[in-house]
Amino acid sequence: MTEIATLGSHCALQVLKGAKDEGYSTLLVCQRKRERLYRRFPFIDEYMFVDKFSEVIRPENVSAMKDRHAVVVPHGTLVSEVGATEVLNGFDIPIFGSRKLLLWESDRELKEKLMTESGLRTPKAFASPEDIDRLAIVKLHGAKGGQGYFLADSPKTFKEGLAKAKKTGTVGANSRLYIQEYVVGVPVYFEFFQSPLSGELEFHSIDRRYETNVDGFGRLPARMQGSLLPSYVVVGNSPLVVRESLLEDVFKMGEGFVDACARLVPPGMIGPFCIEGVYDENMEFVAFEFSARIVAGTNLYTQGSPYTPFLFDRPMSMGRRIAVEIKEADSTDSLKHVTT
Amino acid sequence: MTEIATLGSHCALQVLKGAKDEGYSTLLVCQRKRERLYRRFPFIDEYMFVDKFSEVIRPENVSAMKDRHAVVVPHGTLVSEVGATEVLNGFDIPIFGSRKLLLWESDRELKEKLMTESGLRTPKAFASPEDIDRLAIVKLHGAKGGQGYFLADSPKTFKEGLAKAKKTGTVGANSRLYIQEYVVGVPVYFEFFQSPLSGELEFHSIDRRYETNVDGFGRLPARMQGSLLPSYVVVGNSPLVVRESLLEDVFKMGEGFVDACARLVPPGMIGPFCIEGVYDENMEFVAFEFSARIVAGTNLYTQGSPYTPFLFDRPMSMGRRIAVEIKEADSTDSLKHVTT
Amino acid sequence: MTEIATLGSHCALQVLKGAKDEGYSTLLVCQRKRERLYRRFPFIDEYMFVDKFSEVIRPENVSAMKDRHAVVVPHGTLVSEVGATEVLNGFDIPIFGSRKLLLWESDRELKEKLMTESGLRTPKAFASPEDIDRLAIVKLHGAKGGQGYFLADSPKTFKEGLAKAKKTGTVGANSRLYIQEYVVGVPVYFEFFQSPLSGELEFHSIDRRYETNVDGFGRLPARMQGSLLPSYVVVGNSPLVVRESLLEDVFKMGEGFVDACARLVPPGMIGPFCIEGVYDENMEFVAFEFSARIVAGTNLYTQGSPYTPFLFDRPMSMGRRIAVEIKEADSTDSLKHVTT
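Residue numbers (the numbering used here), protein chains in the order written: chain A, 1 to 340; chain B, 1001 to 1340; chain C, 2001 to 2340.
Excised from the complex, chain A in its bound form (with noise of 0.2 Å):
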């Protein structure tokens, strides 16, 4: 009987709630100094404690999750923690969703390319500090929720941000920097969930994301913000809908993202992605991100969303809804197809 598993931090929960939902044992690869947050929750079956998350491709661990016929839920902490490459190449366990994506989806310049395949109109990069011409935003590569990002409109602001956050620790004297034009807007977050059995893409919901100190910015009057920086930490995230309107082009830019990655990268997209941007003022969406699996936006709709009553008849969150599809699988023998 397969069991579902997943790394205790970043989606956790709804996952194996959704899987205990659908019927499903449940299993959670926990750090040791948050055994007593998760023994709260009784949907978790059982447990399997590392000190770092990084030690679960161990061969040991590895071993013991395939005794249970586990299936991991990657997440954004097993890209961030264990590494796109690692869960590629080392990781001998099926996996829902794509493992190849989570490599594109790592890589700046893979990504890059995946979301121009997609159609998706993107912010113009800056290959130099000394190119940036207008607003800027300064990322860093890999998925650490924000931290480091900051904002610069110039080579000389450039130079502040950039020694500011090497003050805090949040960029290392290695990190690999991207600069992106900043498309003054409002940031919306994009989830949807890519059936292989069905073939059919689902739009499940949207959110939008809560960055400290960004969030706060406008909360003080210019004349007190002094020589105040924003930061852009990820804290959570609050909901939303779009102008129904707009549905039609948010299923486009899906449909673009699963034809690439089928195109691009074989068998292409399985399960949940997000696509991440800003809707500019003339209403034109400009995307600067996607998620190759389920993004943290999602754990707004633990009981649904605004969107899928109009698919579902019951509450389904997005980590029941990988569920579902293990379930059709499982019973159709077909696991293989939403496994990677």
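Hint data in this document are derived by calculation from the structure and do not stem from the laboratory. Wrong hints could be hidden among the right ones.
Pairs of lysine-lysine, DSS-like flavour, derived with a Cα cap of 25 Å [what the hints assert, rightly or not]:
id, chain 1, residue 1, chain 2, residue 2
1, C, 2033, B, 1252
2, C, 2167, A, 164
3, B, 1252, C, 2052
4, C, 2252, A, 33
5, A, 52, C, 2252
6, A, 113, A, 66
7, B, 1124, C, 2111
8, C, 2066, C, 2100
9, B, 1164, A, 124
10, C, 2336, C, 2066
11, C, 2100, C, 2113
12, B, 1020, B, 1336
13, B, 1124, A, 252
14, A, 113, A, 100
15, C, 2124, C, 2139
16, A, 252, A, 124
17, C, 2167, B, 1124
For this one, chain A is given, so just place chains B and C on it according to the hints.
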């Protein structure tokens, strides 16, 4: 057997889902280019295809809807794409709600009058750009989701904003402008349902709009805003509740509006409406708009709002509430009391 | 048979709805002017009318409540309109929760002490306006929803803010002020429930407040803010989730608070409480307040929050959770363990 119909935009999904939940068959007036979008949703039974929504009032379309005993649920897109005058005089099909009120909503002077008669506090209006002596917002007549709105605090900044709006095409040569004092505070949208059958006013939900770029403006430090101007294009909505101590006045505003509608625009308000405004720093509510029909902010609450469990024992979207009223009318042969 | 009672404001609707859902009969202490509001809701069984809430402690009212075996659920309005000292010494009726803690919540020095003992990081307090050497927020003692709060970054801007607050009447001649470092970051409110019967701490939900005009300030470009000052009057609340990796510390804060209450204010925390603060740009949580009773932010979650499905198999508002605890106590004849 009655069929519930609406135009494929704005809040069509919740309207038809709610109709289906109450046992109705559903008809979507659908632009051909959006067929693919709406076909994804299993609760839409029939389609009437058009190239432009304005075609819906053509005799052959009206005739086809009549054959199906359609009741049309009007929303913002009907007002903006067909026109309130055309709906009033040239659309011979039962509409849930008051089509006269759609006209009052669309005409700035009538709107102003109805708000004043409702006892709502409204912002000062400026007859001429030369009169602008404080922060003001410049709006376009009609319901286009904030497109073209701009801010000004003097005749000079009015000219700047107008020039920009004309350049981007959001304001045309013949656009009718309306200049309103800008009340500093927090925007709040209150959604009600007036039942002609029970005579009761129900308070359903609250939202705030998510507008580009103005809801991203505060994420920019003052010194990096440069010469940017805010824009007010509605992208979506996010959920809110207000202090319970405010609800008494919220109901009074709703009742004042319903009373004024009954006096000035008989037979008065039927079904959903929305009062839109700002709480200023003295906690006074200043209303800048109303909508005399369902608003897209209710799209947040397809599973009910934080307030609906106080009134209903099942998930009650505004779309479903409309279907409940139609059903009640149907069962007592009084459809004429809820349609015009 | 026990009856559940509360004052008609703040969160009365969810408290009495939750009580009714658990099978209790309900009593509302209702200002006459609000009768019309509350009569709209079918789950309120009985009314005790007062002109001012402070009348609730009159002997005849207490006596009438005793005849009905009422348990009173306290909230912010009880604290602000009756007074914590009066509730502690002159309100001889069982209250769900700890009335001593209501006093500690209301007294700035006791509050400060309890927060420190809880291990919470708190902002620097300034003994005198002359000491203000960085961004600070000036608060009034008591629970009036942010009315009169203002920002200052020097003795000079303190005087300006104070003058304005006195002029508008939000700060009186005898108001006791409290000056606290203003931590730049994003506000977050964490809502817990401590069960004296199970001994368990439950984490229920998160919100952020919606305050006028400060949450509209960022919608104004810097150059149009002029001499405007922000104000902090609470209008309502909007929903949030936080990163799952933060939950461990969230529980630790809750546990630290529960432990400190048990040590300093026996018998300690009973039922709902809230820890309120800001995540700064280093992702450190700085707590500026607590509430030792249900907070209005839980009004968002009358159908449960994104977190409650992890603990409960039915929609669980905080109001309902209180009723569940009272019911459990009732059934084991241990009401004395959940009331003071």
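Which numbered hints fail:
2, 6, 7 and 13
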